[in-house]
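Going down the list, the protein sequences come from chains B and X. The first sequence begins at 89 in this note's numbering and counts up by one. The second sequence begins at 48 in this note's numbering and counts up by one.
These are calculated hints, taken from the structure and not from any lab test. All values derive from a computational prediction rather than experimental measurement. Every residue gets a Cβ at the ideal spot worked out from N, C-alpha and C, and that includes glycine. Some hints here could point you the wrong way.
Using C-beta positions, here's what the derived DEER-type ranges look like [to be verified]: (1) V374/B / A112/X: 28 to 34 Å; (2) L208/X / E265/B: 28 to 34 Å; (3) A162/X / E265/B: 36 to 42 Å; (4) D281/B / W183/X: 31 to 37 Å; (5) A112/X / Y294/B: 39 to 45 Å; (6) Q51/X / Y294/B: 44 to 50 Å.
Covered, in the sense of this in silico footprint (three residues per stretch, anywhere, with C-beta under 8 Å from a C-beta of chain B), are these stretches of chain X [what the hints assert, rightly or not]: (7) 64-73; (8) 127-136; (9) 203-216; (10) 228-240; (11) 295-308.
For reference, the chains in residue letters:
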Amino acid sequence: MIAKKKLIALLLLLAGLTLAALLPLGISNYMLRVIDMMLITYVCVLSLFVIFGMTGQMSFAQAGYWGLGAYITAILTTKFGVAPLLALLVSALGTGLFVALVGMALFRLHGHYFGFATIGVVMTLNGIFQNWTPVTGGANGIGNIPPFGIGGWHITSDLGYFYLLLFFAVAISLVTEWIHRSALGRSFMAIRDNEIAAKCMGVNSYFTKNVAYVISGVYCGIAGSLFAFLSSYTSATSFVFPQSVLYLVMLMLGGYNSLLGPIIGTVLLIMLPEWFRPLQEYILLVYGIGVILLMVVMPDGLIGGGKKLYACVVRKKCQPDDFDKSADNGIG
Amino acid sequence: MALQLLITSLAMGIVYGMVAMGMVLIWRAGGIVNFAQGELLMAGAFISYTLAETMGIPVWIALVACAVIMGLVGVVFHFITYWPLRNSWDITVIISTIGASIAMKEAATLIWGPAPLSVEPLVDGVARFSNVSIEWQFIVTIGVSAVLMAGIFYLLERTFLGHILQATVQDQYAASLIGIPVIVATSLTFAISALIAGVGGMLLAPVFFVTSTMGGITGLKAFAAVVIGGFGSVHGAIIGGIIVGFVDTFSGAYISSTYRDAIVFMFLIVVLVIRPQGLFGEKIAEKV
Numbered sequence: 089m090i091a092k093k094k095l096i097a098l099l100l101l102l103a104g105l106t107l108a109a110l111l112p113l114g115i116s117n118y119m120l121r122v123i124d125m126m127l128i129t130y131v132c133v134l135s136l137f138v139i140f141g142m143t144g145q146m147s148f149a150q151a152g153y154w155g156l157g158a159y160i161t162a163i164l165t166t167k168f169g170v171a172p173l174l175a176l177l178v179s180a181l182g183t184g185l186f187v188a189l190v191g192m193a194l195f196r197l198h199g200h201y202f203g204f205a206t207i208g209v210v211m212t213l214n215g216i217f218q219n220w221t222p223v224t225g226g227a228n229g230i231g232n233i234p235p236f237g238i239g240g241w242h243i244t245s246d247l248g249y250f251y252l253l254l255f256f257a258v259a260i261s262l263v264t265e266w267i268h269r270s271a272l273g274r275s276f277m278a279i280r281d282n283e284i285a286a287k288c289m290g291v292n293s294y295f296t297k298n299v300a301y302v303i304s305g306v307y308c309g310i311a312g313s314l315f316a317f318l319s320s321y322t323s324a325t326s327f328v329f330p331q332s333v334l335y336l337v338m339l340m341l342g343g344y345n346s347l348l349g350p351i352i353g354t355v356l357l358i359m360l361p362e363w364f365r366p367l368q369e370y371i372l373l374v375y376g377i378g379v380i381l382l383m384v385v386m387p388d389g390l391i392g393g394g395k396k397l398y399a400c401v402v403r404k405k406c407q408p409d410d411f412d413k414s415a416d417n418g419i420g
Numbered sequence: 048m049a050l051q052l053l054i055t056s057l058a059m060g061i062v063y064g065m066v067a068m069g070m071v072l073i074w075r076a077g078g079i080v081n082f083a084q085g086e087l088l089m090a091g092a093f094i095s096y097t098l099a100e101t102m103g104i105p106v107w108i109a110l111v112a113c114a115v116i117m118g119l120v121g122v123v124f125h126f127i128t129y130w131p132l133r134n135s136w137d138i139t140v141i142i143s144t145i146g147a148s149i150a151m152k153e154a155a156t157l158i159w160g161p162a163p164l165s166v167e168p169l170v171d172g173v174a175r176f177s178n179v180s181i182e183w184q185f186i187v188t189i190g191v192s193a194v195l196m197a198g199i200f201y202l203l204e205r206t207f208l209g210h211i212l213q214a215t216v217q218d219q220y221a222a223s224l225i226g227i228p229v230i231v232a233t234s235l236t237f238a239i240s241a242l243i244a245g246v247g248g249m250l251l252a253p254v255f256f257v258t259s260t261m262g263g264i265t266g267l268k269a270f271a272a273v274v275i276g277g278f279g280s281v282h283g284a285i286i287g288g289i290i291v292g293f294v295d296t297f298s299g300a301y302i303s304s305t306y307r308d309a310i311v312f313m314f315l316i317v318v319l320v321i322r323p324q325g326l327f328g329e330k331i332a333e334k335v
C-alpha cells in the first residue's frame, strides 16, 4: 500500500517535471520572464516555509536576505571579477553567516517580538542598500552583472535561465521535503507547536531555531544571487518590507503544512495579475480584497481548506468544527 | 535650532504615539496586530483633504467631522477584517489586515489620484520665542494630540463604558457571561483606534504631502514605537512614540538624513536585544 502510494507520488512528480520542462515551448518571452521571477520568488517562499511554516518563527526579513544575496553576487562579479559559480556559493554562505549572526542576537526574543525585530532588520538592510553608495551603488544600484556560467559556457537566454532556475527550485524543494521528514524537521515542528513541550523533550530550542533560520537564509542567498544573474541589475527598490509581506501572504494563502502550499500560493499570486491584466488599475484593489476574502473563507490556506472540503464531501456531511479553529498551533 | 528640533520631534513623536496607541488598543481587545494602522492614518489625511480643501469646511469643524467619519471606518474595518476571523489563528487575522492595507492604499489612489496633495495647516504662520521660530502647526499638533489622548485615557479608566471595554480586554468569554455585548465592545475599540489614527493623519497632512504611500513608513515607525514601549502597554506606546520621534528627528539632523529610517529601526533592534519585552512590557510567564 505504502509502496504503491510512493510509486504514484514519484510518477506524479515525474509527470509534473516533464510538463514543467516542456512548459516554455510556445509561450512568449515576456511570460518566460514572469515564470523565471516566479521560480525565484518560490525559493524565497520556501525559505519562509522553513522558518515560519515549520518552525513557527515569523520572519519579515526574508526580502532583505534576498537582497543581501543579490548584492554579494553583484559586487563580487562586477568589482572583483569572481566566477559566477563561486559568487553564487559565496552569496549563499555569506547570507547564511549574516542570518546566523542576526539569529543569535534575535532568538533571545520570543513569539511575536522576534517577528517585530525582523521588521527592523529588513528596514535597516534596505536603508544600507539604498544609501551606502560607494559599495551598493545607492539609488542607481549595480548594473552590468555578467550572465551565469560555468567555465567558458554562459547562459544567454531567458530559456536557459528557466532551466537553471527550475533545477534550483526542484533541488531546494527536495532538500526542504527531506528536512520536513527528518528528525531535524520534526524538532522544528515541535518548536512551532509548543516550544516549552519541545524543550522538555530535549530539543535545544535556541540552537534549533538558529539552524532553521540559517537554512532559510541560505535559500534566500541562492535566490538573490540567481536574481542578480537573471536581471543583470540590482536595485534597492526590490528588497523592501512589502516584498517580505508578499512572501508571507503567498505562504498563508497556499497553506503552510506541506510543500504544495508554497507552490500553489506562489503560482497563484504571480499569475493572477497576469491573467487579470484587463482590470488594469483595479488589480491591486481586487488583490487586497481577495486576500481578506480568502482568509475569511479558508483560514488554513487553499490546501488546508481544500482538504476540509474534501473530507466534507467524502463524509457527505460537514461537521461544525471542520471550519472552526484549526488545531491549537498558535505562535508563542 | 535645538528648541525647534525639540518641538518638531515632540510633534512627530506624539503622532507616532497616537497611531501606536491605536495599535495597542486593538492588540488588547482582539489579540491581533493591525498592519493597516498606517493606512487608517492615510485615510484620515485624505478625508481631511476632501473636507477642508474640496468642500471648504472650516478646519476645526473638519477635524471633528474627520474624527467621526474615521470612527465609522473603524467599525467597518472591524466587521470586515477581525470579526469573521476572531476564532482563528492570529496570523490569519494579520494576513487579512495586510490585505486590507493593500486594498485601502489602492482605493485611495483610485479616488484621489496618484499625485501628492497639499493641505493648508490648521493654524497658519510661525510662533516666535525670542530668536527661534516654530511653526504653529507643530504646536497645534502637540496640543490636539495631548487633549485627544487624555480624553481616551479618561474614557478607558474613569467611565462605565471604559470599564466595559477593559473587561472585554481581560476575558472576552467572561465578559459575555456577565452580559457585556462583546461585538459592541470590540467594534467600539476599533472605532477609537481608527479615530485617533485618522486624527493623526489629519495633523500630519499639512506637514507632509498627502499620498497613498504616507501610511506605510509612518505605520512602521508607529509599530516600532509599540514594540519599544512594550506590547500591550498604552502609556508605553505613547512614550515609545515620543522616543521614536526624537530618534527620528535628531538622527536626521545630526547624524545622517539619508540613514534616518535605518537608524530608527537599528534603535528598535538594540532596544529589543537589551530589553526583550520592551520598556514597559510585563514579563509574562509562559504557559504550557
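| said: If you test the structure against every hint from before, which numbers come out violated? | reply: Per hint list: 2, 3, 4, 5, 7, 9, 10 violated.
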